[in-house]
Amino acid sequence: YISNLQFLSMKIKPEKQYVGFATLPNQVHRKSVKKGFDFTLMVAGESGMGKSTLVNSLFLTDLYKDRKLLNAEERINQTVEIIKHTVDIEEKGVKLKLTIVDTPGFGDAVNNNECWKPITDYIDQQFEQYFRDESGLNRKNIQDNRVHCCLYFIPPFGHGLRPVDVEFMKALHEKVNIIPLIAKADCLTPNEIKKLKDRIREEIDKFGIKVYQFPECDSDEDEEFKQLDKELKECTPFAVIGSNTVVEARGQRVRGRLYPWGIVEVENQSHCDFVKLRNMLIRSHMHDLKDVTCDVHYENYRAQCIQEMTSKLAQDNRMESPIPILPLSTPDVDTEKLIKMKDEEVCKDVI
Amino acid sequence: SMHGDISLQNEEKRNLSLGGHVGFDSLPDQLVSKSVTQGFCFNILCVGETGIGKSTLMNTLFNTMFENEEASHYQNGVYLRPRTYDLLESNVHLKLTIVDTVGFGDQINKDESYRPIVDYIDTQFENYLQEELKIKRSLFNYHDTRIHICLYFIAPTGHSLKSLDLVTMKKLDSKVNIIPIIAKADTISKSELHKFKIKIMSELVSNGVQIYQFPTDDETVSEINASMNAHLPFAVVGSVEEVKVGNKTVRARQYPWGVVQVENESHCDFVKLREMLIRVNMEDLREQTHARHYELYRRCKLEEMGFKDTDPDSQPFSLQETYEAKRKEFLGDLQRKEEEMRQMFVNKVKETEAELKEKERELHDKFEQLKRMHQDEKRKVEEKRRDLEEEMNAFNRKKVAAETLSLSQPLKKEKDKKK
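Same order as they appear, the protein sequences are chains A and B. Per this note's numbering, residue 143 is the first one in the first sequence, and the count goes up by one each step. Per this note's numbering, residue 419 is the first one in the second sequence, and the count goes up by one each step.
It should be emphasised that the hints constitute simulated quantities derived from the structure, not laboratory data. Just to be clear, a hint being listed does not mean it is correct.
[As the list claims (entries may be wrong)] Derived DSS-like pairs: lysine-lysine, alpha-carbon spacing no greater than 25 Å straight-line: (1) B:Lys-666 x A:Lys-337; (2) B:Lys-744 x B:Lys-552; (3) A:Lys-207 x B:Lys-608; (4) A:Lys-207 x B:Lys-744; (5) A:Lys-210 x B:Lys-608.
When you get a sec, could you build the whole thing from the sequences and use the hints?
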């Protein structure tokens, strides 16, 4: 008795002649370059945590040229806004449509009750939009505005997570991939960073917050890769520093911060985890972040939506389903038996 | 003349020159000697979010490890934690109280965060006022807990004040001397710091927040105080750890990119803060607290209680008379209230009595009614009984008549037959 899945993945060794489907990865590569990519990144955290500077450092561009900052009096009763910046950037022929979603006002007012609501509403709206588009008749040019990743900036001044940090992450952890960061890490010595990271990891566990998890390495990767992967995972949450200015350090011009007592280099791995974040976010896991958003967060939203809809339909028979969906009712006993019988027949044929 | 009123019309002061050294130039020394014997008292309030470096800065300023556990971020509200220490330097005793604001800035809703702080400051004023108003008082012995300085710790965001900072400082500026400081300043570069300080000061000015100005009226210190005023808010770094720099060991923070030295004036303003707060203006801070902030509190409190300095005729009131008048008024109030309550009680009793009477009457009426109904019924039943009796009698008579008739009838037949 071989299960259906096993049957399909049995490796069939082709006879002497080269068939050629080994070129599939190349074809995928070529087509994807032609199509281009898109990525939506949300940044959240109190004002003054260096979010904009970090985004500029990550994508080596200046997204915030004409920004106007509110002063303290205006912020007493400030509400949270959602602001999108979309840029098209290109590197070695690969086009990326990058959308940065800013959340100015988060945590800045004196009373911050439910200040995360506009943010959760925004994420849900994008899901809802995609859900409608996906269920529509003409699906040629669906725009994917779903948020693929949320960088959450934790202040380095405290002893760990604060109530507002916990509440925010709990409100969002089942809607978006959260990557918590320790902001402005140049105010912490290496010991202090380690202590704070341990404390934050502990509290994330304690409060049941589900942050983005790096996928497990394939078992057939080489040792070096596995080691790097392990180091990456043990390094979270990343302690980052950003900079809009270029300074001269050790004979080179690098992004950094100039102090009377020394120069902090953003890309120096012994100074902060910026490189690790960039590599992970952009160079290795960008697509996984998209996949998890589509396969997990969006699917959860969709399933929940449909359940709500069908329960409403069941109560009111006159309502037509607004979207094409399969009936969710569980099959009766006879149908189940029939399905099982047919299943066994198919398997017998296989053997 | 010898008798009569002494008129003090001519109050011009005359400057006299001395013929030799009299010796009253030792007065300041006598004062100093007295105060040294008495010891000094200084109370610092530190306001700032959890983890911003309040305890570390105190340890650094006073070169002592004051005991302190790390505070949690999950307090339900803000509470104040005063700790008193006895310090000795040369032959000067200092009774130092450090008040910490635990939980400040951690709540999601910070609307009421300022209140425990204001209440604490007012309570210390109130305690002093109570002592002052006592009949038998011992002010020279009194442990003065009034806050002489509030160090407000601003987070080094590099942008501006936080909304909570503005709201809190506005509530405190009329009650205590405030010196704003930028905490953990080793995360701000020189150019950013310059812009940040300007922004903070302009926000304070445009919102009318009064911070403590180092006094410039005394020539010996006016120059240094004036220049220090221009450096506010002080950007500080605190550390109790020592690092070897060159051939010296200094208090510093060691980073992979360099060493931040606490007492290096090109690294941060710690030395300026220590100079201003402790070495130059400590006594002025105590004076300002007593002469300005406390007096304001006292005046407001007494006005609230109804005291005035002059009566309607603009004659000065004596506190004793006012007190007596107040006491009479209070007792009169009490009596009036008592009367009112008694009256109310009497009224209530009358009301209840009336109600009860009414109920009694109702019951009585009902009883009468029932009695009448009962009598009616009884009468009717009597009538019926009599009717029935009559019927029965009539029936019996008829029966007897019928029987007699039937008896006599057969006799008659027999009589007829015999004939």
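Cross-check of the supplied hints:
no.: 1; hint: B:Lys-666 x A:Lys-337; result: 29 Å, violated
no.: 2; hint: B:Lys-744 x B:Lys-552; result: 16 Å, holds
no.: 3; hint: A:Lys-207 x B:Lys-608; result: 22 Å, holds
no.: 4; hint: A:Lys-207 x B:Lys-744; result: 67 Å, violated
no.: 5; hint: A:Lys-210 x B:Lys-608; result: 22 Å, holds
In summary, the structure is inconsistent with hints 1 and 4 from the numbered list given earlier, while agreeing with the others.
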